[in-house]
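Asker: Listed here are the chains, written in short residue letters.
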Amino acid sequence: MQSIRKIFTALASMSLAVSSIALFALMLLTFCDVLLRSIFNAPIEAATELTRLAMGVVVFSALPVLSARDGHIAVDLLDFVFNRYGIARIRTSLISISCGLVLWYPANRVMQLAERARSFGDRTEYLGISTFYITWFIAIMLFLTSIILVSRGVLMLFFSNARKETPDV
Amino acid sequence: MFESLVGFAAVLALVLVRIPIAFAMGLVGFVGFYLSSGWHAAISMVSRLLIDTAQDYGLSVVPLFILMGLFVNKGGISRELYQVSFAFLGHLRGGLSMATIVACGGFAAISGSSLATAATMAKVAMPEMRKFGYSDALSSASIAAGGTLGILIPPSVILVMYGLLTETSIGKLFIAGLVPGLLGILFYLFAVRWFVWRNPSAGPAGERTTYSGRLKAVKGVWAVLLLFFLVIGGLYGVLDVWPLHITFSPTEAAGMGAMGAFIIAALRRALSFKDIREVLVETSLTSAGLFFVLIGAWIFSNFVNVAGLPQALTAAVERFGLGPWTVIFAIVLIYVALGCVFESLSMMLLTVPVFFPLVISLGFDPIWFGIVVVIVTEISLITPPVGLNVFVLKGVVGDISTGTIFRGVTPFWVFDILRLVIILAIPGVVLFLPSQM
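From first to last, the protein sequence lines are chains A and B.
In terms of the working numbering, the first sequence opens at residue 5 and continues consecutively.
In terms of the working numbering, the second sequence opens at residue 45 and continues consecutively.
Be careful, since some hints might not be right.
Not everything, but these chain B residues come out facing chain A in the computed CB check (under 10 Å) [to be verified]:
no., residue
1, I65
2, T291
3, R321
4, A381
Chain B regions said to be covered by chain A (calculated; three or more residues, Cβ under 8 Å) [what the hints assert, rightly or not]:
no., segment
5, 80 to 91
6, 97 to 106
7, 188 to 196
8, 299 to 308
9, 327 to 336
10, 386 to 393
Everything labelled a hint here was simulated from the structure, so no lab data went into it.
Glycine is no exception: its CB is placed at the ideal position from the N, C-alpha and C atoms.
Assemble the whole structure, with the sequences as input and the hints as a guide.
Answerer: This is the structure in structure tokens:
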């Protein structure tokens, strides 16, 4: 359990580091683009497509960690009912498992679309970056999120103290 | 139409058992789309949305504005905003509450979230008001109500989402939120006066600040006020003069705002490396959550459109000969009711795809409708039994009952309704500024 915990924590900090760096880069990029355009009349031509790439990286790097932390926006209006009957844990774990399973299908399809983009040789307009890299990345992160959601649910269901055991990533 | 209604009921049921809103909307939308158009079309639609939404250029406004708010907040601005409002208003009866309202308005100008505004100001203003012997009802209510301004005064995350969903100009929406937001501050100030007029002991006057004290307080916030002016001014086009010629798209305004906030916080030596990391991580996680909800909403909205709900609604309105204002009134009521269950952003994302085509077909302005939706959402944030801001406040303050807060909030709520009526009756209040752009 300890080694799994370590691996998870390392993975989580790694993906958060990637998304933080992409976000900071996005901020710098926008700032420089505006300055260069308005003062030197020389905008960064590739700014739009770099922004789009950075956004994809920010959002999908953070997604697995968000899911591991149960950070998705949800309504806890009826929580008191579930708590009263002592079924809150079972409910949360079943929801986590089903969300994970449901996510597997689009992840698969995104992977197929990435492969198709690769076979067509799709590239971005200015920098000529192959678009399948980012689509691949999105697919991998979706698969990862799906696995995390399912294993989190299973852990919660079968180990009543799994909440404490799941790494605090 | 029947399928869509079943879909709505399904989303509501799933959300109530605490399935994340993004998954609830996405799943129901997917199943509905599958039943009408087949598996292949449905899964492709979902996958394309997953790929394209995260790479949407217009959406980069969201993380950048969140980043700006968090950086400024790290610089300790919430306390200074409160101090400067106190310096000018504190000596009046109810003055600390009025200072809280104005500081909330100021904080809303850098933050796009009502819950964040209420939570932040509660930490700063609540202890001060207690020190001066303010009643719990008045002090907590002024924070809960003042906090709602966060989603109307630009930048506003909700307005960005509305703009993206309905293809309405985000820049114009921001500018349109300005006057109703200021009107909100003014009306809340009246509400405080009304409260202390009825119950003078609830809000005794504080000490008067000297002129040099006021000047000192202003010095604490000038940089942030300048930043706000730069961001919103750039968006509105007031900076498009010799020799600068700067106009911003919303994304550029957000990027400049974030960078400016970063520089201000760094110059104040308020940012350690750990702080920067925390801010970046929090922004990434919040953005990912918002994007996922948006993707879910888009999937659901595609289903609703395929099922023909907007057209059916428009036809029904024509068949029953309902006037445009009856429709608007009904929509407002539906929002207040849904606000009892839904978190504000999800409520908007779920309903706007259905109501928007109807409202536009009746000849209303898309920008005006966006502002109306946001104001109704603000009202739902402080309406019993589930005013979210009230619960956020209770979470931060602790030793105060939600009943007390709701009782205190009543005059603010009444003035909110008055503001809504004004904006419904005189659309020019909203539309004048954006029409000059």
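Asker: Each hint: holds or not?
Answerer: Hints versus structure:
no., hint, result
1, I65, "5 Å, holds"
2, T291, "9 Å, holds"
3, R321, "6 Å, holds"
4, A381, "14 Å, violated"
5, 80 to 91, "holds (count 4)"
6, 97 to 106, "holds (count 6)"
7, 188 to 196, "violated (count 0)"
8, 299 to 308, "holds (count 5)"
9, 327 to 336, "holds (count 9)"
10, 386 to 393, "holds (count 4)"
When held up to the earlier numbered hints, the structure conflicts with 4 and 7 and fits the remainder.
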